[in-house]
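Assemble chain D onto chain Y, guided by the hints.
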Amino acid sequence: MSVVIILTTKEFRDGLRNRWLAATTLILLGLALGLAFLGSAPVGHVGASPLAVTVVSLASLTVFLLPLMALMLAFDAVVGEAERGTLLLLLSYPVRRWQIVVGKFLGHTALLAVATIVGYGAAGVAIAIKGGVEQWPSFVVLVASSVALGAVFLALGYLASTCVRERATAAGLAVGLWLLLVLLYDLVLLGVLAATQGQGAVGALFPWVLLVNPADVFRLLNLTGFGEVRQFSGLAGLAGDQLVRPAALVAALVAWVAVPLAVAILAFRRRPL
Amino acid sequence: MMAAVELDGVVKLFGPREAVAGVTLSVPAGERLALLGHNGAGKTTLMKLMLGLMPPSAGRIRVLGEAPGDVTSEARRAIGFLPESVVFQDSMTGAELIGFYARLKGRTPREGLGLLDQVGLAAAAGRRVSTYSKGMRQRLGLAQAMLGHPRLLLLDEPTSGLDPELRQAFYEIVRARAADGAAVILSSHVLTELEERTDRIAIMDHGRLVALGRLDELRRRAGLPVVVRARLRSGEEVALSVPPEAKMDTLRTLMARDPQDLGVTEPGLDDLYAYFLAEGACRS
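In order, the protein sequences belong to chains Y and D. First residue of the first sequence? That's 1 in this note's numbering, and the numbers climb one at a time after it. First residue of the second sequence? That's 1 in this note's numbering, and the numbers climb one at a time after it.
Check the hints yourself; a few may be wrong.
[Claimed, not checked] DMTMM-like cross-link-like pairs, simulated, lysine to aspartate or glutamate; straight-line CA separation at most 25 Å: (1) D:K247 <-> D:E266; (2) D:K247 <-> D:E196; (3) D:K134 <-> Y:D14; (4) D:K134 <-> D:E165; (5) D:K247 <-> D:D216; (6) D:K134 <-> Y:E83.
Quick caveat, the hints were computed from the structure, so don't treat them as lab data.
Next up, chain Y with everything else stripped away, as it sits in the complex (with noise of 0.2 Å):
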């Protein structure tokens, strides 16, 4: 067997022996139900497609939780193997060090794979079935982009913790990327577009200022990805520009996993044991 395939076995299966696994899936899950029937309670019936209307609440509160799920499983994954004395007894074996992170990297998305997959997708099988199935390639794209922004911050929380030498410090660290991407980075643009008028240089460079963030990104790609979507979401308007197309929001997700995965194991590579 080869040796990524075992240690992403192993982060899989220990995903699932803690129950990792099971509270996320059932949070997800709950969420998901929560926002579309309760969620749209209040609003009664209305002439959209109800999984429209659920993949603009999840998206919105996906692009909080997921981040949050990723770097919590993967800022210990290798400042926290060495603090605790297991990393010297894996590497004594034929183990390379990019198999390890490879290996973690693969198990861990599994295991937040499975649960977005099972938590949103149960979901949306029970909203599809009281509320009907249009719209539902926007929800595919939901789950599917999910589950790549989950990938993301994981490989972010590898760079955290391979570049530092104690948890405490990687743990701050992973809190930090996630105050910045998810909530500061949005607020300092929005207020240099305010402060410019969304004039000039910054008004041309928005789309792709958007880019240097993921969860910007994932926003883009399922907010304006889809016509009843961006309705409901209320970015027709910048979606209609299509200055950045849907290809573009992959490669730029992709690259979000590969560049700080390729970083994190060269840093790991450098790390003195």
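Using the frame of chain Y, we list chain D on its own:
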């Protein structure tokens, strides 16, 4: 026969500090070498260098005929390592852990279970490691180190946490492995238990190898006094501390007085360790 480990002028620097300062050492197959030294003497760093976990700053290292560092090499698969204060993932059972490490070495989990049996953990194989005592964890550590019939065993403080009976069983396993042709390098703070259970002794101090040889060779080199005790017919008890070369003359003299009992205490490893550390300190 090819040496299992060959170190030639090996130096490891951490910044300006010399953790290993020009160590030259050859360990043949089938030998049990005790590596002694205070905390920070360089024993663990030397083991990490032999494992290829860090490159030397200078010098040459050959382990099982290869330069360490290539993790895919046959040599890496043929090394068993037990780190000091071994730590395992507590949420896994003993059987799962040994299976995990067996797979990493390209061996079957079944082989791992056999080793658990050998170290007396078969009954606890299905229990989580979090419920294991320190001695049980240490035995699990030894079992994983023996996966794949290693030709070199690097054991860092392997008997810490083991009671006397388990220590005895541990050294019996080490003896059997060495008899099978494996080279064994083990470090320990409990010097007395190493005296009869290793073939050669290496003493490190501040990264330097200050003594290397069999126990009798080190005794000869140190020339520490031998204590000769006798109980004479008159009831008088005599204890004489004499130079080693005067031991036989002293015994003959005492025998001429027809003693009731006679005993000789050679300097122990504790005494030799203290002597060579002091000698090394004087030299530096």
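Hint check results:
no. : hint              : in the structure
1   : D:K247 <-> D:E266 : 10 Å, holds
2   : D:K247 <-> D:E196 : 22 Å, holds
3   : D:K134 <-> Y:D14  : 23 Å, holds
4   : D:K134 <-> D:E165 : 15 Å, holds
5   : D:K247 <-> D:D216 : 15 Å, holds
6   : D:K134 <-> Y:E83  : 19 Å, holds
In this structure, none of the earlier numbered hints is contradicted; all agree with it.
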